[in-house]
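There are 2 protein chains.
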Amino acid sequence: MGLTALDKQIGFLREIDRLKTVVRQSPLLDGSRKENSAEHSWHVAVYALLLDEYACGPVNTNRVIQMLLLHDIVEIDVGDFPIHSGSSSELQAEQESRAAARLFGLLPQQQGNELLALWQEFERAETEDAKFAKALDRFQPLLINVFTGGGTWTENSVSLEQVFSRYGPVIKKGAPLLWAVCEQWVTQHFVGQASGISRQAS
Amino acid sequence: MGLTALDKQIGFLREIDRLKTVVRQSPLLDGSRKENSAEHSWHVAVYALLLDEYACGPVNTNRVIQMLLLHDIVEIDVGDFPIHSGSSSELQAEQESRAAARLFGLLPQQQGNELLALWQEFERAETEDAKFAKALDRFQPLLINVFTGGGTWTENSVSLEQVFSRYGPVIKKGAPLLWAVCEQWVTQHFVGQASGISRQAS
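Chains as they are written, first to last, in the numbering used here: chain X, 1 to 202; chain W, 1 to 202.
Worth double-checking, as some hints may not be accurate.
Any copy, or any two copies together, can satisfy a pair, since identical chains are not distinguished.
Only pairs whose alpha carbons sit at most 27 angstroms apart, straight line, appear in this in silico DSS-like list of lysine-lysine [said to hold, decoys possible]:
(1) K172 - K8
(2) K8 - K173
(3) K8 - K34
Read the hints as simulated data drawn from the structure, not as lab findings.
Just chain X, same shape as in the assembly (with noise of 0.2 angstroms):
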């Protein structure tokens, strides 16, 4: 006998229950340990649920919450690929398809199909949705980086210059109301952290 519509929606939920291992590099606010995937997308999710007057264009707030929901879900096989790591994102969007072709197609036909089609269209970043829910994914993890005084930017030796050319494209187009404070957050944060360096060094 075949799988019903909710044996491959259980096994589906099973499935991404990994994705609360999948370990990311930005720590929690407290900075007792580094956030996991499954978390870090719920949270960008009500990002998106307070945050929907910040978009660059009309969204539908709810597709948004969708996409950030499920963005993450590929990591489950292929693991989180670290804005500071300089893989190669050719390889990376290859080894995300197929990750959610598998994923996805745990589901029912249809269902796996309309999920996928989401996943794809939050990767191609195109859709004022698609371009909204992408600022968000950008723009929790530097907030997370400001309000820890550092973060992976501290660990990773990130400048700047690279914090600006890393986020700034994706949260600007996205979310330019929201560029314009992360530009004054970052800015005071390594001004900060050089006046920091020079009193240490005087």
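Given the structure of chain X, go ahead and fit chain W onto it with the hints provided.
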């Protein structure tokens, strides 16, 4: 100068980061550790995205998802009340109401009021959306226990009758078709356990 709307929203988003440190009784499916309330909230929101066809009545899936994203944030102040702890539900409700007022009160007033109302709707469990959300919030840990060979039931010496009485009414009310599957799982689990015990004893 007062806080801007964005200042308040960011204050809220920073505050709820703490949900990642609230540890629940339920383990991950791989048994490696207990899950926390942030990753639980993510997981159960995806349950809602996939399983709305099993709701007792017509539901607005996106409202259910929003409820589930926010339903546990009160635990930041009051912790998780485990289903098998036998704690006073009146005291719990009072503490959680105070926590909700504090947390949603961090947001701009209108947004805070809207989301507080959504949280209260979930707690009252009277609308179709809230009944379904409550059912999923009970279904997810049941599924974990079934697929980890007992989980919190084994730890707390919970009987088949207790599982039926503690999970049954809520799941049945919001998602009767899911409860039908749960009944089979739970019965099989306890029958298997009983035959294991009798085999050990013989």
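Structure-based check of all given hints:
no.	hint	verdict
1	K172 - K8	between (39 angstroms within a copy, 21 angstroms between copies)
2	K8 - K173	between (37 angstroms within a copy, 23 angstroms between copies)
3	K8 - K34	between (32 angstroms within a copy, 25 angstroms between copies)
Violated hints: none; the structure is consistent with every hint.
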